[in-house]
Structure formats: structure tokens, C-alpha cells
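Those protein sequences? They're chains P and G, same order as listed.
Take the first sequence: its letter number 49 is residue 49 in our numbering, and every next letter is one higher.
Take the second sequence: its letter number 144 is residue 144 in our numbering, and every next letter is one higher.
Derived by calculation from the structure, the hints in this document are not laboratory data.
One or more hints might be untrue.
[As the list claims (entries may be wrong)] Every beta carbon over 12 Å from chain G, so not counted as near; a handful from chain P, in silico:
1. Glu76
2. Val133
3. Ala137
[Unchecked claim] Simulated restraints on C-beta separations:
4. Pro142(P) to His28(G): 23 to 31 Å
5. His107(P) to Met177(G): 32 to 40 Å
6. Arg176(G) to Met177(P): 20 to 28 Å
7. His28(P) to Asp161(G): 32 to 40 Å
8. Pro142(P) to Gln49(G): 46 to 54 Å
9. Cys7(G) to Lys93(P): 27 to 35 Å
C-beta: ideal position from N, C-alpha, C; glycine also.
Protein chains: 2
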Amino acid sequence: MNYCSECGAKVEHRIPEGDNRVRQICGHCETIHYQNPKIVAGCIPEWEQKILLCRRAIEPRHGLWTLPAGFMENGETTLAAAERETDEEALAKLTGVQLYAVYSLPHINQVYMMYRGELVDGEAAPGSESLEVQLFAEADIPWNELAFPVMSETLKLYFADRRAGSFPVRTGDLIRMADQTMQLTRY
Amino acid sequence: MNYCSECGAKVEHRIPEGDNRVRQICGHCETIHYQNPKIVAGCIPEWEQKILLCRRAIEPRHGLWTLPAGFMENGETTLAAAERETDEEALAKLTGVQLYAVYSLPHINQVYMMYRGELVDGEAAPGSESLEVQLFAEADIPWNELAFPVMSETLKLYFADRRAGSFPVRTGDLIRMADQTMQLTRY
């Protein structure tokens, strides 16, 4: 951020009075421009013991597989965001959607909120951001072609919980360390 | 938003190609400025069957009681945000912190993520945003002086779950209707 989005003047980088973090503050109108993490909402769509994955038609990770997910919009709920993303990326409708996993990714200022829900009729087709969509049995999941570590983690937990017969909400963090390796914490 | 935060030119309000929502787009450098919901992270601090509330020293709802909570910052996890807010508002350290409730408030573009955790030593004192802090038994909760409906909802669920002996993660929405009443959905 270089300019104030309210008045167009240059922003300064300093700690406001009573705060303890450097913020972007307008030098003219004094507006403080806070930056906060974004929520990525998505879903594990289920159908007859299989789950639906989308092959990405966009960067990053073009051509790799992922669960339908994307940035939550203003004015919607996290559940509605998960349903909307599933509809946009896989042209699929869900029922019985429940929160399943919440993971923080602080190195990219994102919080993933992954739901699980049943496809209404088993129907799905690629939306504009997907090359193809496909139902996979656990044995057929393309583990080496998944787009994002948080999706691999979510799916591992999901299949373990399915075998155990219950789906408590799972929480944790995926943190990129200084040496670029990812550290997973479950709590 | 009136001006582009990147280049300072005027922003236009239109739907970008391939999108379906009106966005704020720079007329000069074409940057699309997305607006997304913010996460409010907080905690139910527990100590010997009592829970800790803070009386607000700031607006909105100055003088009313609430659980420690505030906006999650970039670069932190949701759990760290809940611990930090408890430390800032009640000068209290937590242990064994677990996610407890996730509520969307789409009319103000916020998602509340409320944890519960035990005070390390029972010690607490008002931070700069609190007039006082106090441990309350369930029978003494000032229900009519709570600052926010989402906090009343969280505490109602919490005491019911405590009586039942388990704390599954609770999810729902609090939506302001056209007539200004709040509609609560649990799912």
C-alpha cells in the first residue's frame, strides 16, 4: 500500500498511539489502514464413499488436483462461501454441510475453513476455474498431484476419521519455516 | 474506497472480466481491490468453574461485559490471536486452548472464532481496553449487560455443553434481518 484509499494522499508506516504494530496511516486524513488475514472456505464433497476433486485450470498449481475452495466474500457466511465455491468450481450442489477442519497458514495470512457435505445428486462438471472434476475412492486419490499441503492434510484427516466413524472438527496450523519446509501442528 | 492504494488513481466500480461481483478497480493500473471478511478471535477463559469477563473501556458498548476478543492480525494463527487478545484485554495467560465456536456475522463482514482455555494461574487484570475484569460463576453472569449477541450465544452454548460434559465445536450464523432483529442459526 502506497496511497490512502480514502483521500489519495501518501501513507506513512508507523505505530499509531495506543497500538503496538506498524500500520499504514494516511499522512493527510489520518485513516489507519489495517491489513487482516483472509478466509479460504471450501468443501469435501461426498458421494457414495467417494469424494470430489477438481483439477485446476488456473495458477497457482495449474493442472493439479484440489478440493473446491476459495476466498470468502463480504456479506456471506462461511458455510455459504463453501457451498458457492463448490458450485463455481465443480457445478455441484451440496446438502448436510458441516464444518470439518480449520487451519491457519500465517505465512500467507490465510485461514482455511473446510467443510464436508454430500452431493445432492452426484452430479458435477468443471466450472471455469477447473479443467475437470472427478469422484475418487480413497485408494485412487492422486496424493502426489494435490495442489496444496493444506488439502493433503485435510484429506488425510478425513479418511482417518471416516474409518474411525466420526468427524470431530479438526484444527491446526501449517507454518512455513525459515528453511522453507512446512511445519504441521494439530491441536 | 475512492483511490487506488497502489498508484493513487481513482477507482472504478465494475465487474471484472470472468468475475460476477462489482469490485473496486483502479482506472489507471487495473489493480482489483478485493474486500473480504475479517476474523475476530477470542476466548472463554476458565478458572475453577468460573469464567473471565472484561468490562469494556472502549466503544462500541463502553461499560458492558464481554469475552476477550479482537481482530486477528496478519502473520498469526487464530489460536495465537485468541491468546494475544486475552493477554491484551485481561492481562491473562491461557493453557490448553481449544476451538469452541465459529459464527458468521455477514451483515458486518465478520467471522467470530471463539476458543476456550484455562487460566494458567487464575491471575487477570484490566488491560488498556478494559475497565475491569472479573471471574463469574454461571449464576452470576450479567446476561443483561453483555456487549454483543454473539458473546451471549457463545456463553449459552458453553454452559449447556459444560453441564452435558463435552465441548464439540459449535457453528452457526447471526444474521441481522431487514427489520433489524437478529436471526440465529445453529448447524
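Here is how each hint holds up against the structure:
Distance check for Glu76(P) against chain G: the nearest CB is about 6 Å away, which does not clear 12 Å, and the non-interface claim fails. Under the 12 Å C-beta cut-off, the non-interface status given to Val133(P) relative to chain G holds; the minimum distance is some 19 Å. In this structure Ala137(P) is separated from chain G by more than 12 Å, as the shortest Cβ-Cβ distance comes to about 28 Å. For Pro142(P) paired with His28(G), a C-beta distance near 43 Å fails the hint of 23 to 31 Å.
For His107(P) and Met177(G), the Cβ-Cβ distance of about 39 Å falls inside the hinted range of 32 to 40 Å, so the restraint holds. Our hint of 20 to 28 Å for Arg176(G) and Met177(P) is violated, since their Cβ atoms are close to 42 Å apart. A hinted range of 32 to 40 Å for the beta carbons of His28(P) and Asp161(G) is inconsistent with their spacing of about 50 Å. In this structure the hint that Pro142(P) and Gln49(G) lie 46 to 54 Å apart at CB holds, the actual value being about 50 Å.
About 41 Å separates the C-beta atoms of Cys7(G) and Lys93(P), a value inconsistent with the hinted range of 27 to 35 Å.
Checked against the numbered hints above, the structure breaks hints 1, 4, 6, 7 and 9 and satisfies the rest.
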